[in-house]
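Peer 1: The two chains are supplied separately, each in an independent frame; assemble them into the complex guided by the hints.
The primary structure of each chain is shown beneath.
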Amino acid sequence: MSLMLKMGWRNVWRNKRRSIITMAAIAFCTMLALFMLAYMRGAYGAMIDAMVRANIGHLQVQKKGYLDDHKITEVVRNPEEVINAIANVPEVKAIGPRVQLPLLVFSGNHTAFAVGLGVDPVRELNVSNLPHSIPEGEFFAPGDNEGVVVGTILAKNLHLKIGSELDITGQSAIGSIIQDRLIVRGFVRTGINDLDRNFVIIPLARAQEMAALGNSVHALSIMTSDWTQVWPLQTKINRVLSDIGRNDLVGLTWSEVNPGIKQAIELDAGSGWIFFFILLVIVGFGILNTLVMAFLERMREYGVMLALGMTPIRGRVMILYEAFFLALPGIIVGVGLGVFFAWLVSIYGVDLRWFGEGVEEMMAEFGFPLVIIYAKLEWWMIALSASLSFGITFFTALYPARKVGTIKPIDALRFN
Amino acid sequence: MNKSISIIVALILATFAISAPADPSNEAENIIKQVDDLLRGKTQYAKIKMTVNNPDWPTPYVYDMESWSEGTEKAFIRILSPAKDAGITFLKIDTEMWQYLPKIDRVMKIPPSMMLGSWMGSDFTNDDLVKESSIVEDYSSRLVGTEQDTANGEVIVIELKPRPEAAVVWGRLIYKIRKSDMMPLSVDFYDEDDMAIRRMLYEKVQTMGGRTTPTLMRILPLEPDKKGRETFLEMTEIIWDKPVDRAVFTKRNLKNAG
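Here the protein sequences come in this chain order: A and B. Everything in the first sequence is counted per this note's numbering, starting at 10 for the first residue and increasing by one. Everything in the second sequence is counted per this note's numbering, starting at 1171 for the first residue and increasing by one.
Treat the hints with care, as some may be off.
Claimed, not checked - No farther apart than 27 angstroms at their CA atoms in a straight line, the calculated lysine-lysine pairs in the BS3-like style are these:
hint	chain 1	residue 1	chain 2	residue 2
1	B	K1273	B	K1217
2	B	K1273	A	K80
3	B	K1412	B	K1374
4	B	K1397	A	K73
5	A	K80	B	K1396
6	A	K73	B	K1396
7	A	K80	B	K1397
8	B	K1279	A	K80
9	B	K1254	A	K80
10	B	K1219	B	K1254
11	B	K1254	B	K1425
Claimed, not checked - Partner residues aside, some chain A positions facing chain B, computed with beta carbon under 8 angstroms:
hint	residue
12	K80
13	F115
14	T120
15	D176
16	T178
17	Q180
18	S185
19	I186
20	Q188
21	D189
22	R190
Derived from the structure by calculation, the hints contain no laboratory data. C-beta atoms are modelled at their ideal positions from N, C-alpha and C, and glycine is treated no differently.
Bound conformation, chain B alone (with noise of 0.2 angstroms):
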């Protein structure tokens, strides 16, 4: 009797277990969340290498920069060298951003007209530097499934759509996550006719400031009358999650030679 009923309960525990359906809509926006919140931190300070490569231009352009954040809704840029673009700096308050040209010292709001150009002549756009945070809200993710990668084993690919109300320029963008670390590879970004634009690629993974992330971004544009180049977003240092001084993320700062 005693056995019969030890078994009838671990039967009903079983299916209690199988039935609690694994939703994959809520794991696959986790992951998301996880990547986001990875990449990001609380507050992060970093410096940054931006090699911008062009066919077009004699040699690749390359910034030296330093960067704060703070969660998805602050940020602040400076650029550092070359000299002759030293001490223009950005700033971004939610979905406003400002620039300052030190040599002629003009704050410059960037209007919505401009928010689709080229950052800094880079493969980033404004919209990009102001949107990026907003990963989670604006889209609702899918689970695709998972690929098997030489180099990186299983990968976890995961569909992200617009979500109705988002005021967003991507129809869509997927995802691919290693599984072992989850540590992000690749966005590849997808334009509302369903071609692909460009490809986003996590390098370079390291510990750095006490967190292991990628260190190496790659912007990679799809589109045939952009072939040849290439934005690279190397980091050299970061400080994660030191509380950023409340007059960093100011107006004021933007004049300030840092």
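Chain A on its own, in the form it takes in the complex (with noise of 0.2 angstroms):
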């Protein structure tokens, strides 16, 4: 088969020119494959890392049947209990416990509805990047029991400053109306317009009070290093949640919290995919053409060959090495190129106001409060890009493969 393999390389250099625009075109598709795996999986990871951290937690630990509608009756009852025996799994980094509260709330002339968000001050600074993102004023001190931290997006609605008093209503576990007064100390601001316009975090101990909760939460968020090792981590706390006989409690990862993220990112990635593949396809049809008038233009050199006794398996063995050599190079310089580039936006990042104004609000309005976005490069995704380069071409070299082997010698000699 040397000869085959030797044909096959030489045949392809017998039209550089066509040879080497073909190649680029792999490589140009081998490289936006590998730059684009890279480039999603450093945005979602991102984006999936600023939801965790803004708000749910990798984790989260809930009253059976309370993701359904959010009631907020279906508490966790003696959160403690269950914190503490949670606290013992070592991948666990950080708990923090929540309320979470429908409310309208009031300032001077005007009213909103807001989420009233219960946080425990102290625990709260290794659970999420909420008391970090206070632009201005600052988040309420332990001990605090009369501040509230506002939304930006909620503040500026309602015209408050720091120091202003903010009225609350709502309903309460027991049927009752809520009617308090807190003052304002900082605004927060996660980049999410969703949790800006809504947002409005009370102490735990008070929101608790408001409700006629009693000591009992709605959720304990829970954090750990990496949202990728999310899932052998919620089986461990399962089991430790029925070890202690809590079976009215159940642990949930931040996809289950909020399926819509996952949803969101894997939309987006299917339309990225999509984009791909039918860039992979035109590819595709340019290599057929290559292969194809490679083909036809050496048809009475096959005739030839077959009436010396060229068996058709050599045949199309001949055309698979050409077709193969055609490919490797393409996909060595595009993976050369795409490790190159997905390396350099790993450490540069691409900045999205490069591509407008009002790129920064679509990314809030979206939940994404990141501008930059870095690129995440994983060895697979070299195998996965050649890998499908390589496909590819194999695929569009059965159709010329399958004719040599079908033609009859005196056709081909007879060709043109």
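Peer 2: Structure (structure tokens):
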């Protein structure tokens, strides 16, 4: 077969210009695939991380059924007992109790619907980015039971200043009406419009009192070091819960707590892949064009070779080798460029603001608070992009390969 | 001759009596108006105990309140107990409603977006309090027929459908009224997709303040996700048709401790 190998290789270079153009197309395709994989990984990882750290945490322990309708009466009773048990799991880095209340808030003549989030100021420091995202004023200190931190957009709508009074009403967990007043200590900016437009962050004890919850909470937000390790941790946590007899509770991953993020990512990724596959098909046609043209040009040669005794198998193999050697340099270059660009973007990132004003706003609206996206290259991405390019090349080569195997030498000789 | 003439006159008179068609819609509307007037009076002062049963709460929540109303346009309600909610007041004038929260000294106008929200955690909505007066204006009535009920004897069934211009949330209502004393027994509320959403029951008919009316209203939600919920409104004292001081139906009055 080494003859076929040599012939395959030499055939590629018989029309240098055409081959190089085809290789360039393959290189581009491979590079794009590699870069896209790295970029998407980086972007989605950042999106998930941001959402997780802004609010929901890597995992949450909730009462079974709370996820469906968020009824304020579906509570986690005796949260301290659960916190103590879960704290023993080594992968757990921080646990933050949370209360969540639908509220109506007022200041001056302005009224707005809001979501009251009750958090423990001490524990929350390690749990979410909320206490660290205060552009103005400060987060309420431990012991401050009167303070409230308001989302920047909500604060603007209500014309709030640091020190303003915020009046609150809503319904408690026993049926009475909440009537309360807190003092604005600071504003919080998560970069996610849904949160900045709705959140009022309240000291946990005050929230529990307001809503007549006793010492119960609605969720325990749990942080670990890496969002990709969340699923084995979920299994561990659920085992701990059943070990301490708390079968009323369930441990949920961030993607279960907020399926929207995962779905948004999958949708975006999906559309990216569709685009890529369309490109792959187009490049595939390009390769097919090259191979078919080469095939037709050499038709008489095939006739001669077949007449001289070349078996159809060898003919096919020769064409496949030609396809292989056509793809190989392109893939090597493509991978090289892809790795280079991915590496570059992983260090310096892509600043989305280059794409115009309003991008930051749009990102915030969709829940993606970062404006610089860093790519994240993982080695399997090289294998995948190379395989895709090889794949499309071989697939297109099947047509001329098959032809060689089936033409009659006399027809080939007479071709033209 | 005289006898024939008398017979003819009698026959003619008889045909007049028969030929005047019994207008069913007219009769139905009259009945509804009658029931409405019975429950409302010209003015009404009442002391009410509202019990809200919600399986999510540890115990049913009980409010004591007093209310003033004048015709179909004006109403004022003050919560008397429990202590943490005492002093909360509501004012309704026509289709607008205000609420006062004493602990934060705030008068709040209930915006349209909150109209379908529950009133004080009960199975009544804000819209109920505001719109319940305009049954006669907003709906046209049709007599469906009568049915027999073991407890109540003959019961008149009337169907109410919204008039085209009416801005109401219901698709239709079914009123059941006891024929013997024209006391309302129940109202079934259907939404626009003709799903039965809730039932209001009128019970404990007694004479209070000189008038005989039902003194216990029960709202029973019929939707499956509201299973176990029920609200009771029990009148413990009623004063009918005593003129109400103008000052009662004012925003200023919202803040009065009463």
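Peer 1: Taking 8 angstroms as the limit, does the beta-carbon of A:I186 come near enough to a beta-carbon in chain B?
Peer 2: 6 angstroms, holds
Peer 1: When you check the alpha-carbon spacing of B:K1397 and A:K73, does it fall within 27 angstroms?
Peer 2: 19 angstroms, holds
Peer 1: Report holds or violated for the interface hint on A:D176, using the least CB-CB distance to chain B and a cut-off of 8 angstroms.
Peer 2: 4 angstroms, holds
Peer 1: With a cut-off of 27 angstroms on the C-alpha distance, tell me whether B:K1412 and B:K1374 pass.
Peer 2: 23 angstroms, holds
Peer 1: Next pair to validate is B:K1254 with B:K1425; report whether the Cα-Cα distance is within 27 angstroms.
Peer 2: Between B:K1254 and B:K1425 the Cα gap is close to 16 angstroms, so the pair holds against 27 angstroms.
Peer 1: Please verify that hint: A:Q180, Cβ, nearest Cβ of chain B, below 8 angstroms or not.
Peer 2: 5 angstroms, holds
Peer 1: Just to be careful, I want the Cα atoms of B:K1273 and B:K1217 compared with a cutoff of 27 angstroms; is the pair within it?
Peer 2: Measuring from Cα to Cα gives roughly 23 angstroms; hence the hint holds.
Peer 1: When you check the alpha-carbon spacing of B:K1254 and A:K80, does it fall within 27 angstroms?
Peer 2: With a Cα-Cα distance of about 22 angstroms, the restraint between B:K1254 and A:K80 holds, given a limit of 27 angstroms.
Peer 1: Against the 27 angstroms threshold, does the CA-CA distance of A:K73 and B:K1396 hold or violate the hint?
Peer 2: It holds: about 19 angstroms lies between the C-alpha atoms, which stays within 27 angstroms.
Peer 1: Given the hinted pair A:K80 and B:K1397, is their alpha-carbon gap at most 27 angstroms?
Peer 2: 15 angstroms, holds
Peer 1: Would the pair A:K80 and B:K1396 pass a check requiring their Cα atoms to be no farther apart than 27 angstroms?
Peer 2: Satisfied, since the Cα-Cα distance of roughly 13 angstroms is no more than 27 angstroms.
Peer 1: For the hint on A:T178, does the least C-beta distance to chain B fall short of 8 angstroms?
Peer 2: 6 angstroms, holds
In this structure, every one of the numbered hints holds.
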